[in-house]
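If you want the building blocks of each chain, they are given just below.
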Amino acid sequence: MIAHKESGERIDPTGIKIGMWLFLYSEIILFGGLFVLYAAYFHRYSESFAAGGEELDRLIGAANTVVLLISSFTVAASITALRLHQRRRCICLLLFSLLCGVIFLVNKYFEWGAKFARDLYPGSETLVGGEPGLNIFFGLYYIITGLHGIHVLIGMVLLTVSLVWVVSGRATAERYSMLDNSGLYWHLVDLIWIFVFPLFYLVL
Amino acid sequence: MSNQSLEQQQQEHLLGYRQLAVVLCLLLLLTVVTVAVSYVDLGFFNVPVALAIACGKVSLVLLFFMHLKYEGAIINISFLSTVLFLVIMIGFTFWDVAFR
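Those protein sequences? They're chains A and B, same order as listed.
Read in my numbering, the first sequence has 25 at position 25, and its numbers run on one by one without any break.
In my numbering, each residue's number is its place in the second sequence (first place is 1) plus 204.
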């Protein structure tokens with residue numbers, strides 16, 4: 001559907017959305033590749049992976065899952081709010097979502113910090129000199145949660161840009177593709193975490 | 205003309221707050237279930253059960269938060285193709301590794 005604006009400018013929201021989805025497919029394949037590595041090594045070193053999983057705090061993992069799920073809800077609700085012309089509510093919901101992103105990253109900081117303190121980081125003596133399976137488990141842990149963390153950061157940047165657009169009136173109830181696409185990206189970050197959580201924190 | 209307005213309605217499908225809140229509650233419930241189940245040793249079924257719950261959660265996010273349920277054929281078909289590709293990539297690699 002092509003909407004006509006007063007200025008005569010033509011916008012194609014469906015095209016914009018398809019473009020975003022194409023990008024999301026590439027992200028899915030990127031993380032899919034990492035999960036293939038996980039599956040193959042899990043098969044080979046299942047005992048070490050279980051031992052590695054014990055090192056991770058499943059309550060912190062669960063807390064981060066809850067934080068991301070709630071933020072996904074508030075982002076989805078902010079789109080509803082913008083389209084219902086409730087700008088103030090939309091802005092509050094976006095600010096809250098950004099706060100959730102910050103909480104997630106702060107949690108991650110403490111989590112990684114605790115691992116570092118116990119000499120569990122790439123290239124540490126415990127990992128290099130110990131079981132190869134444990135080294136691979138933590139290698140994958142840092143790569144996947146690190147890459148996911150970068151995605152959280154990018155998602156927060158996109159949400160901030162959308163927030164500025166909503167505040168400045170550039171994103172409106174009729175023209176919300178920027179917020180919509182940032183929301184899709186944020187949900188993708190959530191999707192990846194939904195798989196990361198059981199694979200790393202709940203392996204038995 | 206009527207055709208276009210129909211298209212417009214589909215395009216602008218709006219999820220209400222209540223509907224979104226129900227989805228969030230289901231997601232939180234499934235999170236509690238997956239953590240609770242992780243304390244029970246199901247032997248071989250540990251990983252399949254955890255992944256099945258994760259797939260359920262992902263489906264909820266995709267269908268409602270990412271409103272895939274309300275998208276047109278192009279996005280739905282291309283998404284399913286991506287999933288199919290992912291299944292081939294993970295499935296065949298794992299098949300090779302497991303039965304080598």
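Keep in mind that the hints were calculated from the coordinates and are not lab data.
Treat the hints with care, as some may be off.
Straight-line Cα separation of at most 20 Å, SDA-like style, residue types lysine to any residue; simulated pairs [stated by the list, open to error]:
1. Lys-17(A) to Thr-235(B)
2. Lys-108(A) to Leu-272(B)
3. Lys-108(A) to Thr-235(B)
4. Lys-273(B) to Met-20(A)
5. Lys-17(A) to Thr-286(B)
6. Lys-273(B) to Thr-14(A)
7. Lys-273(B) to Gly-113(A)
8. Lys-17(A) to Ser-282(B)
9. Lys-273(B) to Tyr-185(A)
10. Lys-17(A) to Leu-266(B)
11. Lys-273(B) to Tyr-41(A)
12. Lys-108(A) to Leu-284(B)
13. Lys-273(B) to Ile-143(A)
14. Lys-273(B) to Ile-28(A)
15. Lys-17(A) to Leu-218(B)
16. Lys-17(A) to Ile-281(B)
17. Lys-273(B) to Leu-24(A)
18. Lys-17(A) to Lys-273(B)
19. Lys-108(A) to Val-239(B)
20. Lys-273(B) to Tyr-25(A)
21. Lys-17(A) to Asn-280(B)
22. Lys-17(A) to Ala-240(B)
23. Lys-108(A) to Ile-143(A)
24. Lys-273(B) to Arg-83(A)
25. Lys-17(A) to Val-239(B)
26. Lys-115(A) to Thr-235(B)
27. Lys-273(B) to Val-287(B)
28. Lys-273(B) to Leu-22(A)
29. Lys-273(B) to Lys-108(A)
30. Lys-273(B) to Ser-177(A)
31. Lys-273(B) to Thr-80(A)
32. Lys-273(B) to Pro-13(A)
33. Lys-273(B) to Ile-16(A)
34. Lys-17(A) to Tyr-274(B)
35. Lys-115(A) to Ile-278(B)
36. Lys-108(A) to Asn-280(B)
37. Lys-108(A) to Ala-277(B)
38. Lys-115(A) to Ser-285(B)
39. Lys-108(A) to Leu-267(B)
Every value quoted in this text rests on a predicted model; they were computed, and no experiment measured them.
Hint-by-hint comparison with the structure:
1. Taking the CA atoms of Lys-17(A) and Thr-235(B), the gap is near 29 Å; set against the 20 Å cutoff, the hint is violated.
2. Distance restraint check for Lys-108(A) and Leu-272(B): the Cα-Cα separation of roughly 30 Å exceeds the 20 Å cut-off, and the hinted pair is therefore not satisfied.
3. Between the alpha carbons of Lys-108(A) and Thr-235(B) the distance comes to roughly 19 Å, so the proposed pair stays at or under 20 Å and holds.
4. Among the hinted pairs, Lys-273(B) with Met-20(A) is consistent with the structure: their alpha-carbon atoms are about 17 Å apart, no more than 20 Å.
5. A distance of roughly 16 Å separates the Cα atoms of Lys-17(A) and Thr-286(B); the hinted pair therefore holds under the 20 Å criterion.
6. Annotation: proposed proximity of Lys-273(B) to Thr-14(A) holds, straight-line Cα distance about 15 Å (limit 20 Å).
7. For the hint pairing Lys-273(B) with Gly-113(A), the CA-to-CA distance comes to about 40 Å; that exceeds 20 Å, so the pair is violated.
8. Taken as a hint, the Lys-17(A) and Ser-282(B) pair is honoured in the structure, with Cα atoms around 13 Å apart against an allowance of 20 Å.
9. For the given pair, Lys-273(B) sits about 17 Å from Tyr-185(A) by alpha-carbon distance, which is consistent with the 20 Å threshold.
10. About 14 Å separates the Cα atoms of Lys-17(A) and Leu-266(B), which keeps this hinted pair within 20 Å; it holds.
11. Proposed proximity of Lys-273(B) and Tyr-41(A) is contradicted: the alpha carbons are some 35 Å apart, above 20 Å.
12. Between Lys-108(A) and Leu-284(B) the CA atoms are separated by roughly 32 Å; this puts the pair beyond 20 Å, and the hint is violated.
13. Restraint check for Lys-273(B) and Ile-143(A): not satisfied, since their Cα atoms lie roughly 32 Å apart, outside the 20 Å limit.
14. This hinted pair checks out: Lys-273(B) and Ile-28(A) have alpha carbons roughly 19 Å apart, not beyond 20 Å.
15. Proximity of Lys-17(A) to Leu-218(B) is assessed by CA-CA distance (about 15 Å); at most 20 Å being required, the pair is judged to hold.
16. Distance hint between Lys-17(A) and Ile-281(B) is fulfilled; the C-alpha atoms sit about 14 Å from each other, no more than 20 Å.
17. A distance of roughly 17 Å separates the Cα atoms of Lys-273(B) and Leu-24(A); the hinted pair therefore holds under the 20 Å criterion.
18. Distance hint between Lys-17(A) and Lys-273(B) is fulfilled; the C-alpha atoms sit about 14 Å from each other, no more than 20 Å.
19. Of the supplied pair hints, the one linking Lys-108(A) and Val-239(B) holds, its CA atoms being roughly 19 Å apart against a limit of 20 Å.
20. A C-alpha spacing of about 17 Å is found between Lys-273(B) and Tyr-25(A), which places the hinted pair at or below 20 Å, so the restraint holds.
21. For the hint linking Lys-17(A) to Asn-280(B), the alpha-carbon distance of about 12 Å falls within 20 Å, and the restraint holds.
22. For the hint pairing Lys-17(A) with Ala-240(B), the CA-to-CA distance comes to about 38 Å; that exceeds 20 Å, so the pair is violated.
23. Using a Cα cut-off of 20 Å, the hinted pair Lys-108(A) and Ile-143(A) holds, with the two alpha carbons roughly 13 Å apart.
24. With a C-alpha separation of about 19 Å, the suggested pair Lys-273(B) and Arg-83(A) falls inside the 20 Å cut-off, and the hint holds.
25. Of the supplied pair hints, the one linking Lys-17(A) and Val-239(B) is violated, its CA atoms being roughly 35 Å apart against a limit of 20 Å.
26. For the proposed pair Lys-115(A) and Thr-235(B), the alpha carbon gap of about 24 Å is over 20 Å, so the pair is violated.
27. Of the pairs offered as hints, the one joining Lys-273(B) and Val-287(B) holds, with about 16 Å between alpha carbons and a cut-off of 20 Å not exceeded.
28. Only pairs whose Cα atoms come within 20 Å are accepted, and Lys-273(B) paired with Leu-22(A) is accepted, the gap being roughly 17 Å.
29. The hinted pair formed by Lys-273(B) and Lys-108(A) fails the criterion: a straight-line CA distance of about 33 Å is larger than 20 Å.
30. Restraint check for Lys-273(B) and Ser-177(A): satisfied, since their Cα atoms lie roughly 18 Å apart, inside the 20 Å limit.
31. Only pairs whose Cα atoms come within 20 Å are accepted, and Lys-273(B) paired with Thr-80(A) is accepted, the gap being roughly 16 Å.
32. Distance hint between Lys-273(B) and Pro-13(A) is fulfilled; the C-alpha atoms sit about 17 Å from each other, no more than 20 Å.
33. With a C-alpha separation of about 18 Å, the suggested pairing of Lys-273(B) with Ile-16(A) holds against the 20 Å cut-off.
34. For the proposed pair Lys-17(A) and Tyr-274(B), the alpha carbon gap of about 13 Å is at most 20 Å, so the pair holds.
35. A threshold of 20 Å between alpha carbons decides the hint, and for Lys-115(A) with Ile-278(B) the separation of about 44 Å lies outside it, so the pair is violated.
36. As the CA atoms of Lys-108(A) and Asn-280(B) are separated by approximately 34 Å, the hinted pair breaks the 20 Å bound.
37. Our distance criterion of 20 Å between C-alpha atoms is broken by Lys-108(A) and Ala-277(B), whose separation comes to about 38 Å.
38. A C-alpha spacing of about 39 Å is found between Lys-115(A) and Ser-285(B), which places the hinted pair above 20 Å, so the restraint is violated.
39. Distance hint between Lys-108(A) and Leu-267(B) is unfulfilled; the C-alpha atoms sit about 28 Å from each other, more than 20 Å.
Violated hints for the displayed structure, listed by number in ascending order: 1, 2, 7, 11, 12, 13, 22, 25, 26, 29, 35, 36, 37, 38 and 39.
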